[in-house]
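Student: Sequence:
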Amino acid sequence: MAVRFAIPRIVRWFGCALLLAGLMLGGLHADWDFSAISRKATALYGPLGAGQQRIDAWQNLLATQKQVSEVEKLKVVNLFFNKQMRYVEDIDLWGQVDYWETPIEALWKGAGDCEDYAIAKYFSLRHLGVSSDKLRITYVKALRQNRAHMVLTYYSSPEAMPLVLDSLIDQIQPASQRTDLLPVYSFNAEGLYLPGAKGNKKEVDTKPLYGWKEVFNKMMADVFRFQTTN
1 MAVRFAIPRI VRWFGCALLL AGLMLGGLHA DWDFSAISRK ATALYGPLGA GQQRIDAWQN
61 LLATQKQVSE VEKLKVVNLF FNKQMRYVED IDLWGQVDYW ETPIEALWKG AGDCEDYAIA
121 KYFSLRHLGV SSDKLRITYV KALRQNRAHM VLTYYSSPEA MPLVLDSLID QIQPASQRTD
181 LLPVYSFNAE GLYLPGAKGN KKEVDTKPLY GWKEVFNKMM ADVFRFQTTN
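Residue numbers (our numbering): 1 to 230.
Each hint should be verified, as a subset may be incorrect.
[Claimed, not checked] Result set (DSS-like, lysine-lysine): computed pairs, CA atoms no more than 25 Å apart in a straight line:
1. 66 with 134
2. 66 with 83
3. 83 with 141
4. 40 with 134
Hints are computed from structural coordinates only; laboratory data are not their basis.
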């Protein structure tokens, strides 16, 4: 994953998180019209091939896992994307140094880098009813690989030890057991979190979020434009 731990990068990612937050308020809990989503994806990308099967499997997961416990939702979603996707760098997959995939793009390609796994898991769990304040998209340094990495973390309560949903391993473990990961920052719809900051939270200037309008529009086109209401 081609990411540097610089504050300007943090601001840009946080800006994107706020854009997605506004989008999610009206869309994540509504039913999604997957027939329309697939038609749109085909129009955008061409024949989906094996990607259609992955998208269908995702639809089935979202339809069948709403009533299970949150811990079970974490396990099912984490394993699903770890098995459905393979790790490929953005430059090799998209010809760009840094590219954010929607879940639809990730399943169409059947591939992505660490951020794409985390984003797909985040959207899936939000759709399954897990509240935003329990989920954080978290940047870490993977010490064994000596590289930037991204995971999804889950907090059962604000002060709880988070659980780590990682593309590197299928097992979900408490962060205290992931001594191979050094946290750098995390974010969700509520704000940006920096280790060591008061309350482990620090707000930053959100003016640069306009640079992520393209990502916002892509999410709208791929998924939420076709949501239906109950």
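Student: Which hint numbers doesn't this structure obey?
Tutor: As far as the earlier hints go, only 4 is violated by this structure.
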